[in-house]
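S.K.: Taking the hints into account, I'd like the entire structure generated from these sequences.
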Amino acid sequence: MTNILSIKNIVSGYGDKTIIKNISFEVGTGSLTGIIGPNACGKTTLFRTITGDISLNSGEIFIAQKDISKLTLKEKAKKIAIVTQSFDLPNLSVEEYVLLGRYPYNNRFQFFESNKDYEVAHKYMKLTDTYRYKDQQINKLSGGAQQLVAIARALTQEPDLLLLDEPTSHLDITHQVQVLNLIRRLNKEMKLSVLMIIHDLNLAGEYCENLVLMNAGKVHIMGTAEEVLNYKDIEEVYKTIVITQKNPISNKPAVFLVSDEGNTI
Amino acid sequence: MNQRLKKWVINVGSLLILLLAAILLALCVGEMNLSPTELLSILKSKSGIEYSIIVNIRIPRILLAIAVGGALSISGLVLQAIYRNPLVEPYTLGISGGAALGVALGIVFGATSIFSIFSLPIYGIIGAFITIVIMYFLSMRRTHLNINSILLTGVMISFITSSAIMFLLATTTTEKLQNIIFWTMGSLDEPNITLVYLVLTTSLLGLGVFYFFVRQLNALRLGESHAKYIGVNTSLIIKILFVVASIITGISVATVGVIGFVGLVVPHLLRYWLGNDYRILLISTFLGGAIFLILSDVFARTIISPNELPIGVITGLIGGTIFIIAISKTNKLLKF
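Protein sequences appear in the order of chains A and B.
Residue numbering for the first sequence follows our numbering, beginning at 1 and increasing consecutively.
Residue numbering for the second sequence follows our numbering, beginning at 1 and increasing consecutively.
Treat the hints loosely; a few may be bogus.
As the list claims (entries may be wrong) - Computed beta-carbon distance windows for the label pairs:
(1) ARG4/B to LYS74/A: 19 to 29 Å
(2) LYS74/A to GLU50/B: 39 to 49 Å
(3) SER235/B to ALA40/A: 27 to 37 Å
Claimed, not checked - Keeping only pairs whose Cα atoms sit at most 25 Å apart, straight-line, the calculated PhoX-like set for lysine-lysine is:
(4) LYS7/B to LYS116/A
(5) LYS74/A to LYS239/B
(6) LYS239/B to LYS70/A
As the list claims (entries may be wrong) - From chain A, some residues computed to sit far from chain B (all C-beta separations above 12 Å):
(7) LYS78
(8) HIS170
(9) ASP172
(10) TYR231
Don't read these hints as lab results, they were simulated from the structure.
As the structure is a computational prediction, the values presented were derived from the model and not from experiment.
Each residue gets a CB set at the ideal place from its N, CA and C atoms; glycine is no exception.
M.R.: So, in structure tokens, the structure goes:
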């Protein structure tokens, strides 16, 4: 299996403060991989290092076998599309917003969007079920719909890898499931490789094939969801007592908390 | 898509008609009032004192109003795009103040003869540029820029520069004092036609450069980091836009003095009318700024005729009032 993303011995942080302390892992082409870990373990810093917001102190990142630092911003935007947990909401219609995803494909002197741009944008708006909001202002939509529109914009970049930072953290369960089902469908049907940071361990277990569990700027354990979500590693990293079992319907790993009361019984 | 293009053509067309109407009004009204037919016959005769007034006084004033109105408005528009904040403009960022201080220093230290007529614009540009560099480093070096502190810093720079100008006024010779006061009053009366053409050329060039980056301006609506994610070299683009905005503001301020609120009011009314697409906003804002300043100048010339009010008084009163009314009616204006 080839890897869409290879992260090799990266070290990064803010100024003198090193947060990512030598991390290496791979995201297989066509896989759906989640990054989990407690608060302040460096998930977001890792994300911002891959996006290029923070520069590498050392190490290398390869996207589709190409060194990411040697790509132009436009080349990079054609390979990786990024969706964050919340974003500045411009006063734009959904269609205008999604069309901005065509930017890396437009040539320098192109004043109007081409028919192809519209075609691609409409295709992904339909796929994400946001075509019905086409002419509505994005800042008037619900949080869940905004996240779907952001995913439509990312898909319009026609990337090899979709990178998401906690795409469901502000949403209720209806919209969490809606967004994650979409992401899984994109992964299965379009063979789109996905790497996402995800806070909720049960959602991570339910939706991700592979997981990377981070702790204190390092990879604690990585592997399939079943391998990673075991009570020993979770308790060690989160310092909380948990029980892991399989979801009776999906047979995917699930994590249960044990409160004080439960503990005494 | 054709529908949108049609809408844009109609919008620009109606602004052009308004501009022509404003120009006609400015040609006819003043100390010497003319009807359009009289105006036409004077222009045909090509002689006489009326002809001379129109060609040597009124037309240069109109050209200067177009140049400066357009320049200040598109500078405001572009600065708002960079900061993604509707209250930013050359005046509130202190750029106009910096340009004014540059010019005042130029007059006081008598270096005006070195570059002849281009000296004041050059001092204006230098002043504006220094302010821009200060603002840039204060705001862009931090990872999360705090728009309130930027606006406050801009206002403080305006205060500091106007105090520094006061200081210069208090300590300099009477002749230079008059020069500075005359200039700071702000007037579109510019006897040197070469300078008028210079200002007009730079502001049209500025419009051209901004159009060159119009897709990047549109992408910046996503915010700086997301614009970068879709492939925009944001740090370079923002620097270029900053420099161009400071050049066209500096030249304008050096030629006509400080005229506030143009860069705030005009882009907002047009955003309200046309939405947030910079492909249509840039040209419309330029035309709107030109119309606004021509009309303000007509007021400034006629209200207390035969005397003339400083044009900044008019733009401040009209602009500020329109802005407050518009904001109180709807807060859509403040959404980006």
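S.K.: Verify this label for me: TYR231/A is non-interface relative to chain B, using a Cβ-Cβ cutoff of 12 Å.
M.R.: holds, 37 Å
S.K.: Given the proposed pairing of LYS74/A with LYS239/B, does the C-alpha separation stay at or below 25 Å?
M.R.: OK: LYS74/A and LYS239/B at ~19 Å, within 25 Å.
S.K.: Taking 27 to 37 Å as the stated bounds, is the beta-carbon spacing between SER235/B and ALA40/A within them?
M.R.: Distance hint for SER235/B, ALA40/A holds at roughly 28 Å.
S.K.: Could you see if the CB distance from ARG4/B to LYS74/A stays within 19 to 29 Å?
M.R.: holds, 25 Å
S.K.: So is LYS78/A really clear of chain B, every C-beta pair being over 12 Å apart?
M.R.: violated, 8 Å
S.K.: Can we confirm that no CB of chain B comes within 12 Å of the CB of ASP172/A?
M.R.: ASP172/A clear of chain B: closest Cβ-Cβ about 25 Å, beyond 12 Å.
S.K.: Please verify that the nearest CB of chain B lies beyond 12 Å from HIS170/A's CB.
M.R.: holds, 17 Å
S.K.: Is it true that the C-beta distance of LYS74/A to GLU50/B lies inside 39 to 49 Å, as the hint says?
M.R.: Violated: the Cβ-Cβ distance is about 59 Å, outside 39 to 49 Å.
S.K.: Does LYS70/A lie within 25 Å of LYS239/B when you go C-alpha to C-alpha?
M.R.: holds, 23 Å
S.K.: Given the hint that LYS7/B pairs with LYS116/A, does the C-alpha gap stay at or below 25 Å?
M.R.: The given pair, whose Cα atoms are some 22 Å apart, holds under the 25 Å limit.
Checked against the numbered hints given earlier, the structure breaks hints 2, 7 and satisfies all the rest.
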